[in-house]
Amino acid sequence: LVEYNAALASICFMILLGFVDDVLDVPWRVKLLLPSFATLPLLMAYAGHTTIVIPKPLVSYVGLKILDLGRIYKLYMALLAVFCTNSINIHAGLNGLEIGQTVVTA
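The opening position of the sequence shown corresponds to residue 1 in the UniProt record's numbering, with each subsequent residue numbered one higher.
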């Protein structure tokens, strides 16, 4: 239940950010900062694994079979949320393009 509430809070914050951006014309610095705050509830509630399995051809180069990303994983997810919201926002001025990109991103 905690994960669903965190996801709902993050989605609502992103929707609010999009609405405020359309109404108030938010500067780009704020557009880069606010989506990272919107992902905080989701990242704080995530209790899953942050490990990845290294492919067999690369094990000899890396020296590990399983790599724990830890906090780097959460940083990556926060940056991914900023990228997704801003990439959709770039195409918002062109009619019909943002829905296709939203479907691909989701």
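No lab work stands behind these hints, which were simulated from the structure alone.
Small disclaimer: the values here were computed from a predicted structure and weren't measured.
Think of the CB as a built atom: it goes at the ideal place given N, C-alpha and C, for glycine as much as any other residue.
Careful, some of the hints might be misleading.
[What the hints assert, rightly or not] Cβ pair distances, simulated, as ranges:
id, residue 1, residue 2, range
1, Asp-25, Asp-68, 21 to 29 Å
2, Ala-7, Lys-56, 29 to 37 Å
3, Val-62, Leu-8, 16 to 24 Å
4, Leu-33, Gly-63, 34 to 42 Å
Violations among the numbered hints, reported as their numbers in ascending order:
Checked against the structure, the hints that fail are numbers 1 and 3, while the rest are satisfied.
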